[in-house]
Structure formats: structure tokens, C-alpha cells
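There are 2 protein chains.
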Amino acid sequence: MGKLFVVGIGPGNYENMTIQADRVLSGCDMIVGYHVYVDLVKDIYPDKEYLSTPMTRETERCRKALAAAAGENKQVAMVCSGDSGIYGMAALIYELSGAYEGVEIEVIPGLTAASSGSALLGAPLTHDFAVISLSDRLTSWEKIETRLDAAARADLSIVIYNPVSRSRPDHLKKACDILLRNLPDDRLCGVARSIGREGQQYEILTLRQLREAQVDMFCTVFIGNAMTKRQGERLITPRGYRDV
Amino acid sequence: MGKLFVVGIGPGNYENMTIQADRVLSGCDMIVGYHVYVDLVKDIYPDKEYLSTPMTRETERCRKALAAAAGENKQVAMVCSGDSGIYGMAALIYELSGAYEGVEIEVIPGLTAASSGSALLGAPLTHDFAVISLSDRLTSWEKIETRLDAAARADLSIVIYNPVSRSRPDHLKKACDILLRNLPDDRLCGVARSIGREGQQYEILTLRQLREAQVDMFCTVFIGNAMTKRQGERLITPRGYRDV
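Residue numbers (our numbering), protein chains in the order written: chain G, 224 to 467; chain A, 224 to 467.
No wet-lab data here; the hints were simulated from the structure.
Some clues are possibly wrong.
Note: identical chains are not told apart, hence a pair may lie in one copy or across any two.
In silico lysine-lysine, DSS-like type, Cα no more than 25 Å apart, as pairs [what the hints assert, rightly or not]: (1) 287 <-> 452; (2) 452 <-> 366; (3) 452 <-> 226; (4) 366 <-> 396; (5) 287 <-> 397; (6) 287 <-> 396.
Work out the full structure: start from the sequences and follow the hints.
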């Protein structure tokens, strides 16, 4: 029986992969994924069969991975950046799997940008938080707005995935305007860029400054809660221990 | 100069640690932590100096780790379960570090239960979600209630950490009652228990059933959004691809 592993590779560097993800990628016959993620692992596991598909062809990519595992009785790994469950391909693989008999599926989790970006910035997620994507390709902007609004009102820290893209360059600005209805101008925020990859850097700034910041699709954005503060060069949210 | 690594070890098994966490724990001189987490790593790295402290002594534990790294010029690793940033010790270490000169701090992220539990259940977090702890030791119950309410109204999936403890056995029941104000009885939920450890198991159930479920402090609870469904034996939240 073929097996399909849906593997979260974390932010992109070898060190931030889990031991399990490394073992699965070392042991599999074939690696499938969006070409950017495939390129990240090709140097580490050069002797594999590779199959990459362009962006936005998610369903096609999943069908190819399932077909490879089903028809050819192979051990196939589909790679996703970050966690394979959080905005990843795991749910779509399960949804499509009914049409492919005899494929066992296993989801291998990976570090999502909320974790890896948080570690880079300091520790902004010590308390309750929401993770919200600004991509309106599959979600209405109205729904995204409702969620941003609710999270800000409830004093949740917020991690923003997909803050902008070529086709929606002003989404982060729009999101900041929504947040500014309930949050102060000087609420502390952070931007983590190219986590674990070349050009990794981070910035701490206010919500007002974030509205004007140059942010690209390699960035993950953090909005602090009411307790979030700057500690030296780091952004931290205290848990609230009374004996500090 | 001494160095203190704040290491997220993930759910508890070696395979779900990152390669970086493994390297740090292999290379350090001393491992500090809550005794349950220290016991999880002692068998893997037997030749280390160990220092463990009881539960709720977080500030004391962090001060001891900082002092060991500062005074003795050691490489010290403080271990946290899950991610060291998400409800972990990283922020407290930064807050206390001012009193200890010459200690470099590095946060090593790990798999948080939202990721590892999600992979066990299927893929319930493919879309926006909130992470909320029910521990009212450091947070007012009123604030927790506000956050649960906001997340449910905004159709966020919800991951509940610390659903119950010995001193608050009915917290999950109270949380379900809050959620039931806005969510239907049959909203799909999941419970992941002892992820990556002996006795690992999961259960898919409705919100009404969750209210009556036997849940302990080794459980992480998932509340689906309006799209969450059962696919075979798994709980999944579709991302919304139109060509499925």
C-alpha cells in the first residue's frame, strides 16, 4: 500500500524541521510540492524523485501526490511550508483521498510562522492569540474584517499570515485601519521577515508605523495585546506572574 | 559568556522535537525545567547536569536558570513543553534577564499543541483560529469568557489549552456553555490526549458531547468553525478550494 505523508517543513531551514519530518523526507521515494518549497528541500535530499507544481494549483498538486502514492505503491511526501495543517494541504489531501484507494495518509506537523516568528521577535505570544490570514482568495474580506475586529476587541494578540501579495498590496494597511478602531496608535507590533532563510530579520514598531511599513509576502506580522512591551531589542507579552 | 536557550521540546517525544532543539540539548551543560518535562528528556540526554523545580514555581525556575548561565559561564537549556514562546517561559526569561549580566538568550521554538494535536485529529486548523487557555491562575475568568465569546461570534476555530485542572474541574463545561450561546449543539469538536506520549488518543465529538466529556490536563481541545466536518475518522476544516 502506498503512503502519503503531508509534511510541514517549518520556516525553511533544516535546523527548524522536526526529527520526524527529516526521517520521512530521508526515507520517502518522491517529494511533491509548490516549487518554492521543493527548492528548499532539494539540496538536503538530492536523490529523490521530485514533482513540483506552480502556485495556486493546490488541488492538482494534491491529486498528483495521491495518484503517485496510490498507483505506484510509493512512499510520497508532500511538503508544505510551516505546519502542514495550519493553512496547509492536509485537509485538502483528506478531502480528495476518497477517490484514491489504498493510500494511507499521515500528517507530520511542522513549526508554523506564529512559533518561529515569535522566537525571532522575542516572545509576543505568551498569552491567548488569534491567527488570521489576509488572503481573500478563498475567504471574503468581510469575514476577515469581522475576525480582526473581534480579536482586537477581545484583547487577543494577533498573528497575521499573508499580509500582502502582488494582487493585494494594500491589505495590511486596510487591516491596520480596522484594528485602529479598537486599538491605540502606539500598540506594539512586530514584523518577522524570511524566518530561517537568507535575509532573515525582524522589526518592532507601533501599529501606526505598521500601517505605513514596507511588508512583503515573506513577512509574518504580530500585533501585541494590551500588555505587550519592548524588553531591550525584543517584543514580549508577559504571562502575568505576580512575583516578577 | 554564558548562554541560556529557552527550548520548546514539542509534545514530548523525541521525533517531534526540532533538529535545532536536539542539537542544543545535546550540546548544553545543564538542563533546567519543571520536573515532568525534565523527565521527558532525561533518558535522551543522560549525561547532563539537571535542575528541576515543582509546578507553579516559574519565577524561581527562571532565576535559577539565568543564575546558572551567568555565574558559571555555562550553556544552559531551559525546557518547556510545546513551544517555549506560546504560554512558555521565554517572555519571563527576558523579563528577569536584566538582573543577570552577561547572559545571551536564545529562544528555540517547538511544536505547540495546536499543531501536534491538529495533526493527530486530521486537519481542523486549515483556516483562521484562536488559541485560548482556560487557566485563570494569571488571567481573570471574565477575560477568558470575553475571548471565547468573541472567537465564537467571529467563526474562528478555537484551540483550548489547559481545559481543566484539579482546582478547576468544571472550566471546560463553563467554556462550552459560553460557546453554546453562539454555536450550535452539533458543532464538531476534537480532543487530543497525551500527544506524542504513552496513551496518545483522540476523539471527535459534538460541542454538546464535549460539555459532558471526561477531559484532563493532558488534553488539548479543538472547536471547529462552521465549515469543519468529519472525513472518515478525521476532523477537517476545508480551506475552501472551489475545484474539490
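Next on the checklist: Regarding residue 366 and residue 396, is the shortest C-alpha distance of 25 Å or less found within a copy, between copies, in both, or in neither?
Outcome noted: Only inside one copy: residue 366 and residue 396 sit 17 Å apart there, 28 Å across copies, limit 25 Å.
Checklist entry - Can you tell me if residue 452 and residue 226 fall within 25 Å by alpha carbon in one copy, between copies, both or neither? => result Between copies only: 23 Å across chains, 46 Å inside a chain, cut-off 25 Å.
Checklist entry - How would you label the pair residue 287, residue 396 (within, between, both, or neither) given a Cα cut-off of 25 Å? => result neither (37 Å within a copy, 44 Å between copies)
Next on the checklist: If the cut is 25 Å between Cα atoms, do residue 287 and residue 397 qualify within a copy, between copies, both or neither?
Outcome noted: Answer is neither: 37 Å inside a copy and 45 Å across each miss the 25 Å cutoff.
Checklist entry - With identical chains treated as interchangeable, where does the CA-CA distance between residue 287 and residue 452 reach 25 Å or less: within a copy, between copies, both, or neither? => result Classified as between: cross-chain Cα gap 24 Å, same-chain 47 Å, threshold 25 Å.
Item to check | Intra- versus inter-subunit Cα pairing at 25 Å for residue 452 with residue 366 | outcome: Between. Shortest inter-copy distance 20 Å satisfies the 25 Å Cα cut-off; intra-copy 29 Å does not.
In summary, the structure is inconsistent with hints 5 and 6 from the numbered list given earlier, while agreeing with the others.
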